[in-house]
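Letter by letter, the chains look like this.
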Amino acid sequence: MSLMHASSPHAHGPTATSRVMAWVLAATLPGIAVLCWHYGWGVLFNLAFACMAGVTLEALLLTLRDRPVSFFLKDNSALVTCVLLAVSLPPLAPWWLVLTGVIAAIVVAKQLYGGLGQNPFNPAMVAYALLLISFPVEMSRWSAPDGFVLGFSDSLAQFFGLISTPDALTGATPLDTFRNKGELSTAEFWANPTLLPAANLLAWQQIAIAWGLGGLVLLAKRLITWHIPVAVLGSLAVMSGIFYVIDGSQHASPVFHLLCGAAIFGAFFIATDPVTAATSNKGKLYYGVGIGVLIYLIRTFGAYPDAIAFAVLLMNFSVPFIDYYTQPRSYGHKKARRGIKLEDKA
Amino acid sequence: MSDISLGKISRDGLWNNNPALVQLLGLCPLLAVTASIVNALGLGLATLLVLVGSNTAVSLIRNLVPTEVRLPAFVMIIASFVTCAELLMKAYTFELYQILGIFIPLIVTNCAILGRADAFAAKNPVLPAATDGLMMGLGFMAVLVLLGAMRELFGQGTLFAGMELLLGPMAADWQLTVFPDYSFLFLVLPPGAFFCMGLIIATKKAIDERLDQRRKAAAAETPKVSRRVRVTGTIS
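Residue numbers (the numbering used here), protein chains in the order written: chain X, 65 to 410; chain V, 160 to 395.
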């Protein structure tokens, strides 16, 4: 047996970006599978079209910026952005909606800011927020998962706008339905199954759990740390718990908030983007808590039923500030003094 | 300072030192009202009028006002001109006045106007000061109209919609519908203005860089004439 003789220092082989991104892509598979099962071919068309357009645009922009094209394309980051955007879009989205989103994500939010590692805002969420503000009708075209699902050729025709979307096919998401319950109390809302069909609720819960499984893979592979997901979901649960205890007749339970929207997907896949999230572990906790609290506030008091994109973007703004105040002490040095230094004047 | 040429003042106002693209002043009205060409042109004309008037007046009284109180005095002058512009718009283009709303009185707070009064008009005679006001105003208005055109075209798919609000009945059929049944709300809303503004500034920088390179290339191409020192002859 021959032992390798290597003298110290033993450097740790850092994981290449392309491998990290490939694992993130792999971790989205359970979520994508459950989405397809409930919503049919539209999800796959969104994914395929977004990835094709994203990679093409990334290559084009890299050429324009005189950067090595194949080197940057191989890091898979454009694919991850496009997949995360595509699974956020409603399954009945038309092709131009996907294309506009990909342009906003890859061209504006990523490459115009300087490419991977330089973008202060999560590209997929920039695109999602832009689309939600610009095209509210198309962005709410979620089909009802318990109902009739379009076949392959009909889905394709719908995607390219050859046939119009039948209104009977669309249905509101659970968060949207609960938001628009009007004068009903929570008990009356749940007592009336026509408002929110059980199959719709179940589908969203299954999707959320599938995203959670993917997130656990990321945790197990140590591609993300526990801080951000735990902080996001924990603060969302605490916020909704407080309001549920104070006035349970008007506010939804923490379980509803955690499982019936994009909270789990956002906590594991969106908020943990290493480029746009806070850096230190303590900073990640502050960042995650901020996202969780904002999600609850916007969902409950804001104008939109779900709020992952806005919450993440708002906390992306605060990341430089959080990083400044949570910089860890380096060994052998005093902790950096932050804020107003009064004694300097003396 | 007073021997500055009118040509240079014009170039500065329109391009090199454009108040919107280079000084980045007056961004609040610039971003808020440029959803269409007619809004942009209306606010641009009002700002132009105020800028020429205030620069001229400030230049006229520049030797009478003590330095310590010059800023309040300038603001008073600017406010009077803004009131004039506001009343004129109320009288002749009332619908447009209602659309632009608070942004007409807010011209008083446009830093571009006070900036030009203090930085230029207070130190120069009337003619250069008025020219500076005119050119800065035109530069500002050009950016407003360009931004308005971009946002109207890509936000609503039209150009020159509603021009009759500003120009009267003769402009009633000027509207060009470039993309029918089209709407991109993002560009109509304020974030779209930031986005278009960024693109315009980037384009200006790119043009400047291109011109600079061409100038350098031209300078490098011209053969250097070898200069011989004249050693003969008489020095008068």
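In short, the hints are calculated from the structure, not lab data. Note that beta-carbon positions come from the ideal geometry of N, C-alpha and C, so glycine has one too. Careful, some of the hints might be misleading.
[Unchecked claim] Now the in silico label distances, taken between C-beta atoms and shown as ranges:
1. Ile359/V - Val319/X: 22 to 28 Å
2. Met329/V - Gly181/X: 30 to 36 Å
3. Arg373/V - Thr79/X: 43 to 49 Å
4. Phe365/X - Ser239/V: 54 to 60 Å
[Said to hold, decoys possible] Non-contacting residues of chain X with respect to chain V, defined by C-beta distances greater than 10 Å in every case (computed):
5. Leu163
6. Ser198
7. Ala272
Outcome of the hint check:
1. At about 49 Å, the CB distance of Ile359/V to Val319/X disagrees with the hint of 22 to 28 Å.
2. Our hint of 30 to 36 Å for Met329/V and Gly181/X is violated, since their Cβ atoms are close to 55 Å apart.
3. At roughly 47 Å, the beta-carbon separation of Arg373/V and Thr79/X lies within the given 43 to 49 Å, and the hint holds.
4. For Phe365/X paired with Ser239/V, a C-beta distance near 45 Å fails the hint of 54 to 60 Å.
5. Even its closest Cβ contact with chain V, about 13 Å, leaves Leu163/X beyond 10 Å, as expected for a residue assigned away from the interface.
6. With a minimum CB-CB distance of about 4 Å to chain V, Ser198/X fails to clear the 10 Å threshold, and the non-interface call is violated.
7. Under the 10 Å C-beta cut-off, the non-interface status given to Ala272/X relative to chain V holds; the minimum distance is some 29 Å.
Checked against the numbered hints above, the structure violates hints 1, 2, 4, 6; every other hint is satisfied.
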